[in-house]
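Q: Chain by chain, the residues:
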Amino acid sequence: MIPLIRNEVVNKKLWLGDDEFMDMLALAQSAPGPISLNTALFVGNKRLGFKGSLFCGAGIILPSFIVILLIAVLFTQFKENPIIESIFKGIRPAVVALIAAPLLGLSKSAGVRLKNIWIPITVALLVWLLKISPVYIIMFAILFGISYYLFIKLKMKR
Amino acid sequence: MELMELYISLFLTFLKIGVFGFGGGYAMLPLIQREVVDIHGWITVSDFTDIVAISQTTPGPIAFNSATYIGYTSVTEMGFSTGQGIIGSAICTTAVSIPSLIIMTIISAFFFKLKGNPWMQSSLSILKPAIIGLIAAAALMLMNDYNFIDYKSWIIFGVVVVASIKKMDPILLIVLSGVAGLLLYPPSF
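Quick note, the sequences are listed as chains A and B, same order.
Read in order, the letters of the first sequence are residues 1 to 158 in this note's numbering.
Read in order, the letters of the second sequence are residues 1 to 189 in this note's numbering.
Fair warning: there could be bad hints in the mix.
Derived list of chain A stretches under chain B, where covered just means 3 residues or more per stretch with a C-beta under 8 Å from a C-beta of chain B [unchecked claim]:
(1) 20-29
(2) 66-72
(3) 105-116
Please keep in mind that the hints were generated in silico from the structure rather than gathered at the bench.
Glycine included, each C-beta is placed from N, C-alpha and C at the ideal position.
With the sequences and hints as input, model every part of the structure.
A: Rendered as structure tokens:
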């Protein structure tokens, strides 16, 4: 989806420069929520302020809203159908596979190395086995990151 | 009145999902599953997996898709009308977007100050590996008896993992697994 947005926003409409787009992308990825929404909100804000954000946000949400709403209305009627049930019995394990397969590649780009591999493993076990809410994981990760920075800075002053 | 309570509960839950939805996409799944399946029981684990399947085959982020879908089904399954379900759908989709709207408005204002900010860099150095852990948790949480009925489910899983690493198109893989489902689990009328 990112190359599509980039082509529209940078190459066709000239709303952002390429450098600006790449910087914005880094921030959009660090903020909570889908990257495509964050990108749309940033571009909207850049061009037209808060009002621009609202329009771009609505623009990016509406297509999937309509598609999924239609599916929801139809699917709830056919869900009990034995054919649909058979099809989904095959699809469900594939869904999990599609989540698991990219993990290795993603780990590399997220900077997971031997020295910090304990972080994803601990998080996965806490959330999966101990049913700790991801809310606490996110809050703790942010606080830990900030205190680690303070710790390094204090050490450097001495 | 009961409907109003459901609407408020849906709104607050998806607002929370929006606030803590770092990493987007699959990283948001454990939080969504925990809230809508475990805590509120609005949908079953199988339904939740089906929403993920639908998201993988349609454009648009999973967070919106699940908000739209759950907003509709949770309301209609309580016995309310289609129209009231559509309102529920709109409420959830709006709620999940509000945090992004606020945060991106602030980020746009402080764009150049935030760029390369050491506090943020340090937080991200922990957050990014943690997000990988959340995605792994998403897969583990869905590896349950509802989605993996027998050994045949594990064969489908293994084949799709390998095919996906070999860069086969995910939509094609979903379609093929649907066909496999029809053949391996013949429908009984």
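Q: Hint by hint, note whether the structure agrees.
A: Status of each hint after checking the structure:
no. : hint    : verdict
1   : 20-29   : holds (count 6)
2   : 66-72   : holds (count 5)
3   : 105-116 : holds (count 6)
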